[in-house]
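Visitor: So the protein sequences, as listed, match chains V and H.
If you count by this note's numbering, then the first sequence holds residues 140 to 387, one letter each, in order.
If you count by this note's numbering, then the second sequence holds residues 460 to 749, one letter each, in order.
Quick caveat, the hints were computed from the structure, so don't treat them as lab data.
Yeah, the Cβ is synthetic: ideal placement off N, Cα and C, and Gly gets one too.
Be aware that one or more of the hints could be misleading.
Claimed, not checked - Capping the alpha-carbon separation at 20 Å, the derived lysine-lysine pairs in PhoX-like fashion look like this:
# : chain 1 : residue 1 : chain 2 : residue 2
1 : H       : Lys619    : V       : Lys272
2 : H       : Lys646    : H       : Lys619
3 : V       : Lys217    : V       : Lys163
4 : V       : Lys217    : V       : Lys206
5 : V       : Lys274    : H       : Lys619
6 : V       : Lys206    : V       : Lys221
7 : V       : Lys217    : H       : Lys646
8 : V       : Lys206    : V       : Lys160
9 : V       : Lys364    : V       : Lys340
What the hints assert, rightly or not - Far from chain H, by Cβ distances over 12 Å, these chain V residues were calculated:
#  : residue
10 : Ala172
11 : Gly182
12 : Tyr193
13 : Thr237
14 : Tyr247
15 : Lys364
Unchecked claim - With beta-carbon atoms standing in for the labels, derived distance ranges:
#  : chain 1 : residue 1 : chain 2 : residue 2 : range
16 : V       : Asn202    : H       : Gly561    : 57 to 63 Å
17 : H       : Arg737    : V       : Arg261    : 55 to 61 Å
18 : H       : Arg545    : V       : Ser311    : 21 to 27 Å
19 : V       : His270    : H       : Pro593    : 30 to 36 Å
20 : V       : Asp260    : H       : Phe620    : 16 to 22 Å
21 : H       : Phe728    : V       : Ala252    : 57 to 63 Å
22 : V       : Gln313    : H       : Arg737    : 38 to 44 Å
23 : H       : Leu547    : V       : Lys160    : 48 to 54 Å
24 : H       : Ala542    : V       : Arg261    : 43 to 49 Å
25 : H       : Leu547    : V       : Ser151    : 32 to 38 Å
26 : H       : Ala608    : V       : Asp260    : 43 to 49 Å
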Amino acid sequence: MENSAPILEVTSLATGYHRVKIVKNLQLSVFPAEIVCIIGPNGAGKSTVLRAVYGFLSCWEGNIRFKDEDITHLPAVKRAAKGMALVHQDGNIFPNLTIQENLEMGGYLIPEASERRARMDRLFAQLPFLHEKRKQAARSLSGGERQLLAIGMALMTEPDLLLLDEPSMGLSPQMMDRVFSWIVTIHEAGKSILMVEQNAKQALELAHRGYVLDLGTNRFEGDAKRLLDDPKVKRLYLGGGDINEDLS
Amino acid sequence: MTLILQSLLDGLIAGSIYALFATGLTLIYGTLHFINFAHGELIMAGAYLAYLFMIPPLSFSPFLSAGLAVLGIIGLALLMDKAVFRPLRNASPLLLLIASLGISLFLQNLAQAVWGAEIRTFPFSLERGLSFGPVVITRVQITILFVAAATILFLYLLLKFTRAGKAIRGVSDNPRLAETFGVESEKIIRNVWILAAALAAVGGVLYAADTNLEPHMGIINLVRAFAAVLLGGTGNVWGALIGGFVIGLSENLGVLILPLGYKDAIAFFIIIILLLFRPEGILGTRWGVR
Ligand SMILES: Nc1ncnc2c1ncn2[C@@H]1O[C@H](COP(=O)(O)OP(=O)(O)OP(=O)(O)O)[C@@H](O)[C@H]1O
Ligand SMILES: [Mg+2]
Numbered sequence: 140m141e142n143s144a145p146i147l148e149v150t151s152l153a154t155g156y157h158r159v160k161i162v163k164n165l166q167l168s169v170f171p172a173e174i175v176c177i178i179g180p181n182g183a184g185k186s187t188v189l190r191a192v193y194g195f196l197s198c199w200e201g202n203i204r205f206k207d208e209d210i211t212h213l214p215a216v217k218r219a220a221k222g223m224a225l226v227h228q229d230g231n232i233f234p235n236l237t238i239q240e241n242l243e244m245g246g247y248l249i250p251e252a253s254e255r256r257a258r259m260d261r262l263f264a265q266l267p268f269l270h271e272k273r274k275q276a277a278r279s280l281s282g283g284e285r286q287l288l289a290i291g292m293a294l295m296t297e298p299d300l301l302l303l304d305e306p307s308m309g310l311s312p313q314m315m316d317r318v319f320s321w322i323v324t325i326h327e328a329g330k331s332i333l334m335v336e337q338n339a340k341q342a343l344e345l346a347h348r349g350y351v352l353d354l355g356t357n358r359f360e361g362d363a364k365r366l367l368d369d370p371k372v373k374r375l376y377l378g379g380g381d382i383n384e385d386l387s
Numbered sequence: 460m461t462l463i464l465q466s467l468l469d470g471l472i473a474g475s476i477y478a479l480f481a482t483g484l485t486l487i488y489g490t491l492h493f494i495n496f497a498h499g500e501l502i503m504a505g506a507y508l509a510y511l512f513m514i515p516p517l518s519f520s521p522f523l524s525a526g527l528a529v530l531g532i533i534g535l536a537l538l539m540d541k542a543v544f545r546p547l548r549n550a551s552p553l554l555l556l557i558a559s560l561g562i563s564l565f566l567q568n569l570a571q572a573v574w575g576a577e578i579r580t581f582p583f584s585l586e587r588g589l590s591f592g593p594v595v596i597t598r599v600q601i602t603i604l605f606v607a608a609a610t611i612l613f614l615y616l617l618l619k620f621t622r623a624g625k626a627i628r629g630v631s632d633n634p635r636l637a638e639t640f641g642v643e644s645e646k647i648i649r650n651v652w653i654l655a656a657a658l659a660a661v662g663g664v665l666y667a668a669d670t671n672l673e674p675h676m677g678i679i680n681l682v683r684a685f686a687a688v689l690l691g692g693t694g695n696v697w698g699a700l701i702g703g704f705v706i707g708l709s710e711n712l713g714v715l716i717l718p719l720g721y722k723d724a725i726a727f728f729i730i731i732i733l734l735l736f737r738p739e740g741i742l743g744t745r746w747g748v749r
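The whole structure should be built from the sequences, with the hints applied where relevant.
Guide: Shown next, in the form of structure tokens:
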């Protein structure tokens, strides 16, 4: 894995809001068919990084390369066509559109209706509840179902790189397992995944590599299993550290 | 009884026209998040443009004139957007509203300068139509109902079943997410202006055919459309549609109990009541084109 070129490479990124710098000197890469996880405390700038990678925030410094192309200044609206997809932390569905229409919007860039249909049917096969409820407004779904729909929408364009912002946030343990196991399935289908997670332990367990983000820059990075075992990371970012660890 | 039936019919006809005004106004609100005060002038200009084509020297048929007027008003709306609203795309809704008020006054005065303040009518005779017992409907009115229904059906099919229509609803429901999926919002906004302008122009021509033309006809119809939009819940297309019928019917039934002079006040009255007690509308939430 390490000897192929990265599909995404972020070099010395700085960005923020209204001239307030939130992210600085961030280095990040994702290799083909890799799951990379960004963890870090609330407000560390994790969502900000994903927004910048997708082009919703402009890069103040540094650059972003995706599939051997410099996309640093490519607007967000053009990124889906390049093979990137982003599932936002919130506001990631169209609440007043039906589930079927949500999926159609996910595949907006697919010109042929028949191809959109075919991909939707494949998704329906994986998530039958979406098929059952396809004529309902998406706002009628539960939090977990919405998350699954949001990921499904992002998969409609068959992206090479999927960016996921806290896919397990606010979900019940069962729903969380369902979301995580789907992420594994998506990875097995050959996609690269960059995800931000609060549930750091579960996320690092299924990731290959991880980054610990704090105060807008990466503090630790490396093999996911090593981060999981690193005493400092454990103590500072994996919620409680050794005492809890002994209890479990 | 006859009077009530006749008022119901008149209310239905007026309502079908107001529904066209209101759906256009709410589409703009849903995507651009401001009430376009110049919507009334798109209505007025549509009627005058059709009039211009109908009278000598051109003397085109009413349908051809209406079609050309629709094209003209689409052009006018796109010009308005390009010159005024597009540079203000990220401005506050209040600023947009004030800008649209400016355009509204400008166009009213322009129309008055060009055509004078007098009341005009389309140059076709209101020959007596069919009567069902004591209830009378003119041929023109039948045509109005038919054209309005066809336009509404067209709008429904467009928004519900076409990719462009779904994109309009998507952008108004969650603009950031639509952008994420590669929807170019400027293209969608242009389509929304085209739709809103076409609805205003068709409605304006029908309104002038049912009543008459004068340079300030836009403002009262804006008020009616606004009342209908509030009734339906701002941004809710089908709510606005129903709202239009409610306004038309209440105006025509209202004059059975109120003096005739109060007819135009009914929409105002509904607006005040709604803003006071139910700003989110009768038919649901505030956001999104549905
Ligand atoms: N739209 C915005 N405008 C201004 N500041 C913002 C905006 N969004 C986030 N911030 C600020 O940027 C910082 C990082 O926010 P960000 O959402 O990236 O954090 P996060 O790591 O994703 O946190 P969380 O775990 O809560 O999602 C925070 O201090 C936040 O207040
Ligand atoms: Mg976040």
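Visitor: Are Phe728 (chain H) and Ala252 (chain V) spaced within 57 to 63 Å by their CB atoms?
Guide: 47 Å, violated
Visitor: Can you confirm whether the C-alpha distance between Lys206 (chain V) and Lys221 (chain V) stays at or below 20 Å?
Guide: 9 Å, holds
Visitor: Just to be careful, I want the Cα atoms of Lys274 (chain V) and Lys619 (chain H) compared with a cutoff of 20 Å; is the pair within it?
Guide: Holds, because 12 Å separates the two Cα atoms, which is no more than 20 Å.
Visitor: Taken at face value, is the distance from the CA of Lys340 (chain V) to the CA of Lys364 (chain V) at most 20 Å?
Guide: With Cα atoms ~10 Å apart, Lys364 (chain V) and Lys340 (chain V) stay inside 20 Å; holds.
Visitor: Are Ala608 (chain H) and Asp260 (chain V) spaced within 43 to 49 Å by their CB atoms?
Guide: 36 Å, violated
Visitor: If we take the beta carbon of Gly182 (chain V), is the closest beta carbon in chain H still more than 12 Å away?
Guide: Given that every Cβ of chain H is farther than 12 Å from that of Gly182 (chain V), nearest at about 20 Å, it holds.
Visitor: Is the hinted range of 55 to 61 Å satisfied by the C-beta distance from Arg737 (chain H) to Arg261 (chain V)?
Guide: Between Arg737 (chain H) and Arg261 (chain V), where Cβ atoms are some 44 Å apart, the hint is violated.
Visitor: Between Leu547 (chain H) and Lys160 (chain V), does the beta-carbon spacing fit 48 to 54 Å?
Guide: 29 Å, violated
Visitor: Looking only at beta-carbon atoms, does the pair Asn202 (chain V), Gly561 (chain H) fall within the given range of 57 to 63 Å?
Guide: Hint violated: Cβ distance 44 Å, outside 57 to 63 Å.
Visitor: Confirm or reject the claim that Arg545 (chain H) and Ser311 (chain V) have a C-beta distance inside 21 to 27 Å.
Guide: Since Arg545 (chain H) and Ser311 (chain V) have Cβ atoms about 46 Å apart, the given range 21 to 27 Å is violated.
Visitor: Closest CB-CB distance from Ala172 (chain V) to chain H, is it above 12 Å?
Guide: For Ala172 (chain V), whose nearest Cβ neighbour in chain H is about 23 Å away, the distance exceeds 12 Å, so it holds.
Visitor: Lys646 (chain H) and Lys619 (chain H) were given as a pair; does the straight-line alpha-carbon distance stay at or below 20 Å?
Guide: Roughly 18 Å between the alpha carbons, so the hint for Lys646 (chain H) and Lys619 (chain H) holds.
When the structure is compared with the earlier hints, violations turn up for hints 3, 8, 12, 13, 14, 16, 17, 18, 19, 21, 23 and 26 and for no others.
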